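K.L.:
Given next are the chains, with one letter for each unit.
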Amino acid sequence: MNEWLDKHMGRLFLAPAVTLILVFSIFPLVASLIMAFARIRFSAGGFKVRFVGWRNFEKQFFGSEQFHLIGTFTQISLLGWIFGLSVTAALLWWIWGYVRRHFTWFGFVGRLITLAMGLGITWLFAGTLLSGNLFGTIGTTLFYVLVGCAIQFVIGTALAYACSKNIRGKTAFRVIFFVPMMITPIGVGYIFRMMADTTKGPFSNVWQWVGLGDFSWAADPWAARIFIVIADSWQWIPFVFIMMLAAFESVSRDLTEAAELDGAGPWQSFREITWPHVLPIAATVMLIRAIEAFKIVDLPNIMTSGGPGIATESVSLQAYYAWRALDLGSASAIAYILLFVTVVICVSFFNLVVLARVRKQP
Amino acid sequence: MSTQLTPKRSIFEAPAIGQMSMATKIVLYTLLLIWTAFVLFPIYWLIITSFKDAADVNQGPFFLPFVDFQPSLHAWKELFVTDYEDTLRAYFNSIIISLSATGLSVLIGSMAAYALSRVAYAPNLITILFFIFLLAMTGVSIGIYGVDWRLAAAVAVALFFFLARAVGNLYQFRLHNGDILFWIISQRILAPIVVVVPIYMMFQTVRLLDTHIAIIITYAVVNMPIVVWLMYDFFNSIPRDLEESAQLDGATMIGTFREIVLPLSRTGLAATTLLVMILSWNEYLLALFLSTTKAQTMPILVAAMNAGERGILWWSMSVAIIVMIIPVVALAIVLQKYISKGLLVGAVKG
Amino acid sequence: MLRKFLGGTALALATAIAPMSASAEGHYDGVTVNILTRPGPVIAGRMVERGEEFKAMTGAEIRVAEVPFAEIFQKLLTDWATGTNSVDVGVFASGWGVELVAGGLVENLDPYIAADDKIDLQDIAPYFRDFNQKVEGSTYFITIDGDFQMMYYRTDVFADAGLEPPKTWEEYLEVGAKIHGMDMNDDGEPDFGSCTFMKRNAQSYFAIQSVAASMVQSKGTGEGLYFDPATMKPKVNNDAWKKAFEVFKASVAFNPPDVLNHDIGDTRSLALAGRCGMVIDWGDIGPLSIEDGSQIKDKVGAIIMPGSTEVLNVETGKLEACEASNCPHAVDGVNFAPFAAFGGWTGAVSATLDDQKKQAAYDFLSYMNQAEQSNVDVTMGWTGYNPYRNSQLEDTTAWVEAGFSEASAENYLSAIKESLNHPNMASDFRIPGAQQYTGVVLDRELARYLAGEITVDQALANIEEGWEEITDDFGREDQAKIYSLSLGITN
Amino acid sequence: MTAETIQNASPTTGTAKAISIRDMNKYYGAFHALKDLSIDVEAGEFLVLLGPSGCGKSTALRMIAGLESISSGELLIGDQDVTEVLPKYRDIAMVFQSYALYPHKTVAENIGFPLKMAKATPEEIDSAVRAAADQVELGELLDRLPGQLSGGQRQRVALARAIIRRPSVFLMDEPLSNLDAKLRGNMRAELKHMQGELGITTIYVTHDQIEAMTLAHRVAIMKDGVLQQLGTPKEVYSDPANLFVAGFMGSPPMNFITGKITGGQFAGSGAAFAVAGAADAQSVKVGFRPEDCRIVDKGAGLLDADVFTVEMTGDQVLVTLRLQGEPLVVKMHKDFEINAGVTAGITMDPEHLYFFDGETGARLRTTAQTS
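Chains as they are written, first to last, in this note's numbering: chain A, 1 to 362; chain B, 363 to 712; chain C, 713 to 1203; chain D, 1204 to 1574.
Please note that a few of the clues may not be correct.
Unchecked claim - In silico SDA-like pairs for lysine to any residue, Cα to Cα no more than 20 Å straight-line:
| # | chain 1 | residue 1 | chain 2 | residue 2 |
| --- | --- | --- | --- | --- |
| 1 | C | 1070 | C | 1082 |
| 2 | B | 656 | C | 1188 |
| 3 | D | 1385 | D | 1322 |
| 4 | D | 1308 | B | 629 |
| 5 | A | 165 | A | 91 |
| 6 | B | 387 | A | 267 |
| 7 | A | 59 | C | 1188 |
| 8 | D | 1322 | B | 410 |
| 9 | A | 200 | B | 434 |
| 10 | B | 656 | B | 410 |
| 11 | B | 699 | D | 1339 |
| 12 | B | 699 | D | 1307 |
| 13 | B | 699 | A | 200 |
| 14 | B | 656 | C | 797 |
| 15 | A | 7 | D | 1396 |
| 16 | B | 699 | A | 5 |
| 17 | D | 1322 | A | 276 |
| 18 | D | 1308 | B | 434 |
| 19 | B | 656 | C | 773 |
| 20 | A | 200 | B | 410 |
| 21 | A | 200 | B | 417 |
| 22 | C | 1129 | C | 1109 |
| 23 | D | 1238 | D | 1272 |
| 24 | D | 1501 | D | 1476 |
Stated by the list, open to error - Computed footprint of chain A on chain B, listed as stretches where at least three residues anywhere in the stretch have a Cβ under 8 Å from a Cβ of chain A:
| # | region |
| --- | --- |
| 25 | 392-403 |
| 26 | 445-455 |
| 27 | 484-498 |
| 28 | 570-582 |
Hints were generated in silico from the structure; no laboratory data involved. Computed from a predicted model, the values in this text were never measured in an experiment. For every residue, glycine included, the Cβ atom is placed at its ideal position computed from N, Cα and C.
Make the full structure from the sequences, and use the hints.
P.N.:
Okay, structure coming up:
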């Protein structure tokens, strides 16, 4: 018995995690997939499920919710055409290059999906933002992910690099910079609502003084989005900071000192020695951050409730509102669309950057 | 003690290797201090708001306690004297839930990560898909069509054992550790909104709603991908010799894990624990759904301070947020020395 | 939580009253009634206190669970529909409850009321008695709070400016612009002509309906605001709603700069800080104005929501001048239609309880509703309860005791009386999917229009399309039937 | 050598068990890492697996330990078939190249770990730890952590941990390679002494032939996953089975000249001499050890070559000559003197010549050698 246990211990170690995840995510996933193709109504003793085929999805892409999810399309501007066509060409060139060099069906299909997503997003931007049309929650979510992650990455990395130098009070900085991450996202939302209040917030006097007394960030789509990105960055820069600090501290001092002896300036030493060393780490950190950023819901919900209009509404928030209005079918459909977008983008990134490293392991 | 003189360096002297010039230092400290202000000011505002009353907030802004407004403890009193029952209940719920969920998640997650980093798996894909299909069908038939759960489970188990081997032997497409790892990690991509209703229904079926257990299990599962992700790389960095030696010395896998691997992974565990702890401590949506009264956690208390028609009770909300931050900051300071190192090897070094 | 917020006096009052209503002591020993409602002192707080009295009287323990406003209904519905039944009584807007009734989840209270000699239904204002508490002719809900919107204005500011409170929405825009920028609380800073909650996913869809009601509905409560009862064709893509949208947007000019991000909490705190010349709100502003820290004590007057000189011709979709034929309830050619926004907090009993628990639950709701208790509760701003009984408005004593001056109490009560008993009161949505019709579609399109994303015509067309979609989803005939019933049309 | 001679050489304590390796194979995917290894190790024997890195010796050791699965074949320890048995049930102790000391445990805890795993009482563990520590002279260091020890001390801790349990088999994976040269010599002697004293069957992996020669009862020489020769140190040195073994053993290594044999006459690059008793062969390598030959005057030996360098190592002089570009090394007495650049002759006894097949590397024995 003991020996049998020992032999199968490898499986027993993995089993609890796999079982829990299967039960708590596969079953719910399947259940909500069913919901996504149905209309659900609560009634005494359970639910009434009525299957409606693709209607919940159709509504999001082509029907009354199109503007909401992907944006308003009228005509595509010249800029839109230029951007769209050139990115399309680049993407096609990329896949052609793959087909010519090393072709496997598995890899090809995977890349085709990536390609489709890339084209979709390209034309989404070409048709909405670049053509002066409104974009929907997918556009807003991508804005949060791209701009937010970029800001967080740049500032977080810069702070981490500064703190990795031999400076006084390093420990204090490290703890202080970490604090925002410990606050519940709801709390962060409310804190920044206080901060940004133009009538009674701490900066209201400054606001008046610079002549913006009648301007409200909450009424301007871009200002509102940027405020949310600022709050999001305030909360998540600490994460990037702490990870990148660890990365920078792992760069052997011998290496940088050797580079300095070889006559490299600080910038060269950073670019030639430090940066290549931390690059894989940075990729992982950004992947983690991007995965979480796609799910952003608390901040826009609390700071603006998705307003003005639908300007700050993320896909996740859209699903949340649908769910709150008991429209479980739409909520599931939207959530699945988000899942698809996130998975394709993250898996593409994972495959191109991270997985190569993981696969090397047994 | 003899005085030991270190030669003073002039500003104009070229800095030694590894040193910074004065100008660089000034710029650096300025930037760091600006960022410190950016980080701390909202927290300062939070703290002073907790000592304000309605008029101080609504006719504000007021910046300095005792100078431009008279601080009062009314919000603190409300939470800790008048309504201490509700506050403390939520607080203890939060502590119990986040500690247990973190413990469970770190334990099970690191076991899985360890197994993945050490044991080569090659499960048959078809068998797995079959298993998942059965599981889903069982869940759906119980949850949506109201089949008795014992019956459904029995049928599913029987079907699995009779058919799994037959089906599995037909195709031999096998998964490997990398695939399993990726699958586990990819669970984190799920937005909780996708799964919250079915999870609610599951716990409802087993009558566990509004209990600690429901939230603990859910949090543990939601955070497990992070644990596996961070700990997998960490375990990979531990030399195998040690474990092989322990195995030869008569240790079981559990013994090796407990005696050798876990102690050696202290830094990674500390960092992972802190991260998972923070995520469980702050989670809102799932807690909202899975709790009604008995198991309500602190984030729900914070959200409840937005009393709708009466506006946001900024002062009470500030108190709630502050008391929520305190234990995490304390924990972070205790674990401070581990965090940096731990995250590094764990998250990022392969 | 915070149940004793500002609660010293309230508690004293409550305990003073308790022994008087004592009856049949202890016959519910061991029974626990779990109530689910919104958080904070508002609504929930008073129930907790009354629950303690009720326990002393009957032995039944009242437990109040609180979840954020936006999630109450969602939570209640899942709880009852899945048979979780951790909640025995839900306290929520009656409009939401129609869906619960349709699902067979709520107990019909007719037999209980018949056996109840204390509730005195006739004292309850007609709208609440005959519409708000009922579905398909039977009473399912017990009102504990009467909700409809009124217009408040600053008497001192209007006197200074030599203005009269607005009677129509055109006048509202005029006076709003005139008083905007005046310093209304002597702090040297310019204040705002009006404060309206215009935040998305908050309460702005109530405000717009208050504006639209007098333009859309003129023939009495039974006419309805939203649909043609026969076909369920939305009455929304027309000139009346267009004008309402335009008025609403025009008022942004004399609202605070970040009004688009203001929910009712924001507007109330601004109003209490003395920064708003006019406020659209429920009955709460009256009692709130006399609270500690209020800058507007005895400086605020209430009037019925402004009306319209033109009303909708349903056939043509155009606005027509108000005449006796199309506006039977008009006063001086102005049609008023106070909007029963939200309908008020009402209690409903789960249909799955055992008989004793049902009776205990009903008894507690009845206890909350009875004049003896509610007439006190509605005078206290912090409770969030607004008047719904005529006896609550009859004499000003309780109100003056609560802190009103005689004049402002009278002004406030007369405005309420006028609205509450108005034959043309506009009913809120009372059909399944109410949340989706207004809380999602109307609210979102209004927000997009206010934010300048779309034109008013696009907004209204979108609302019409969205409403049709929801109606189809829920089943057009079922919806038509319930809608007719909710308007009192029986055939 | 027979079992009896081993018994005589090292009296066992009775716990030692024989190991029987039968047709053991290891595949890593398509890579065949170990090919049909068969060795019978006597109880109490000290067997060294010797070979260049990548020859499969460590794999074989790890398979014996149970750390790698056995792709095919059988493994017996004592009478028990342990092919499928987990490491902990094989009653084996192993010393790793890295020592594998648990950095978070003290020396005493490290040494006592096997007993702790065997659920011994603390008292038992304590006395056993002391005994083992005394045996390797670590008595005073029991409370230290491995990080605070020197390389040699760590090595001793690892040894003590291996012996504390009195296993029936010791496995050692290049245990001395991380020590400096002097310490290595000392430890080698201690190891040999200890193994003799304890009499525990030991399999020892190394790429260092000196270690192999000095420690082993028998040496198994491996290359590319194939066992080349198994024998006592003397056997593998003086009677190599093939070209690889001949070239691998000995320092400096054996000299080789390529050529062919016709009618008892060798003809190769720059040399031609008679080889008595050797069969004809088209391609052949003739080998001779540096210590088996002498430098003589030009023309006086079997062959002539140009002196390339002369190295004085203290106890001897190593003369490297070049025969048509190929180096030949001759070990001479320390007083020998010669200048680089001159041409000299090399001579040796014919019985010290080894012949190998030029293609396969197989040993070609002369009539005298086969007898």
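K.L.:
Against this structure, judge whether each hint is valid.
P.N.:
To see whether the hints hold, each was checked on the structure:
For the proposed pair residue 1070(C) and residue 1082(C), the alpha carbon gap of about 18 Å is at most 20 Å, so the pair holds. Using a Cα cut-off of 20 Å, the hinted pair residue 656(B) and residue 1188(C) is violated, with the two alpha carbons roughly 41 Å apart. Taking the CA atoms of residue 1385(D) and residue 1322(D), the gap is near 39 Å; set against the 20 Å cutoff, the hint is violated. Between residue 1308(D) and residue 629(B), the direct Cα distance comes to roughly 16 Å. Compliance with the 20 Å bound is thereby established for this hinted pair.
The straight-line distance between the Cα atoms of residue 165(A) and residue 91(A) is roughly 41 Å, outside the 20 Å bound, and the hint therefore fails. For the hint pairing residue 387(B) with residue 267(A), the CA-to-CA distance comes to about 15 Å; that is within 20 Å, so the pair holds. Simply put, residue 59(A) and residue 1188(C) have alpha-carbon atoms about 19 Å apart, close enough for the 20 Å limit, and the pair holds. Taking the CA atoms of residue 1322(D) and residue 410(B), the gap is about 59 Å. The hint is violated against a cut of 20 Å.
As the CA atoms of residue 200(A) and residue 434(B) are separated by approximately 19 Å, the hinted pair is consistent with the 20 Å bound. Among the hinted pairs, residue 656(B) with residue 410(B) is inconsistent with the structure: their alpha-carbon atoms are about 31 Å apart, more than 20 Å. A hinted pair counts as satisfied when its Cα atoms are at most 20 Å apart, and residue 699(B) with residue 1339(D) does not qualify at roughly 37 Å. Our distance criterion of 20 Å between C-alpha atoms is met by residue 699(B) and residue 1307(D), whose separation comes to about 17 Å.
Under the criterion of a C-alpha separation no larger than 20 Å, the hint pairing residue 699(B) with residue 200(A) is inconsistent with the structure, at around 40 Å. Annotation: proposed proximity of residue 656(B) to residue 797(C) holds, straight-line Cα distance about 14 Å (limit 20 Å). Pair hint residue 7(A) plus residue 1396(D) does not hold up; C-alpha atoms about 37 Å apart against a cutoff of 20 Å. As the CA atoms of residue 699(B) and residue 5(A) are separated by approximately 38 Å, the hinted pair breaks the 20 Å bound.
For the hint linking residue 1322(D) to residue 276(A), the alpha-carbon distance of about 49 Å lies beyond 20 Å, and the restraint is violated. Taking the CA atoms of residue 1308(D) and residue 434(B), the gap is about 54 Å. The hint is violated against a cut of 20 Å. Restraint check for residue 656(B) and residue 773(C): satisfied, since their Cα atoms lie roughly 16 Å apart, inside the 20 Å limit. Only pairs whose Cα atoms come within 20 Å are accepted, and residue 200(A) paired with residue 410(B) is accepted, the gap being roughly 14 Å.
This hinted pair checks out: residue 200(A) and residue 417(B) have alpha carbons roughly 11 Å apart, not beyond 20 Å. The hinted pair formed by residue 1129(C) and residue 1109(C) meets the criterion: a straight-line CA distance of about 16 Å does not exceed 20 Å. A C-alpha spacing of about 14 Å is found between residue 1238(D) and residue 1272(D), which places the hinted pair at or below 20 Å, so the restraint holds. Of the supplied pair hints, the one linking residue 1501(D) and residue 1476(D) holds, its CA atoms being roughly 15 Å apart against a limit of 20 Å.
Counting residues of the region 392-403 of chain B whose CB lies closer than 8 Å to any CB of chain A gives 8, so the stated coverage by that chain holds, three being the minimum. Beta-carbon proximity to chain A at under 8 Å applies to 0 residues in the region 445-455 of chain B; the threshold of 3 is not reached and the given coverage is violated. Restraint check on the region 484-498 of chain B versus chain A: 4 residues with Cβ-Cβ distances below 8 Å, three needed, restraint holds. Check result for the region 570-582 of chain B against chain A: holds, 3 residues qualifying (beta carbon to beta carbon below 8 Å, three or more required).
Hint check: violations occur at hints 2, 3, 5, 8, 10, 11, 13, 15, 16, 17, 18, 26; the rest are consistent with the structure.
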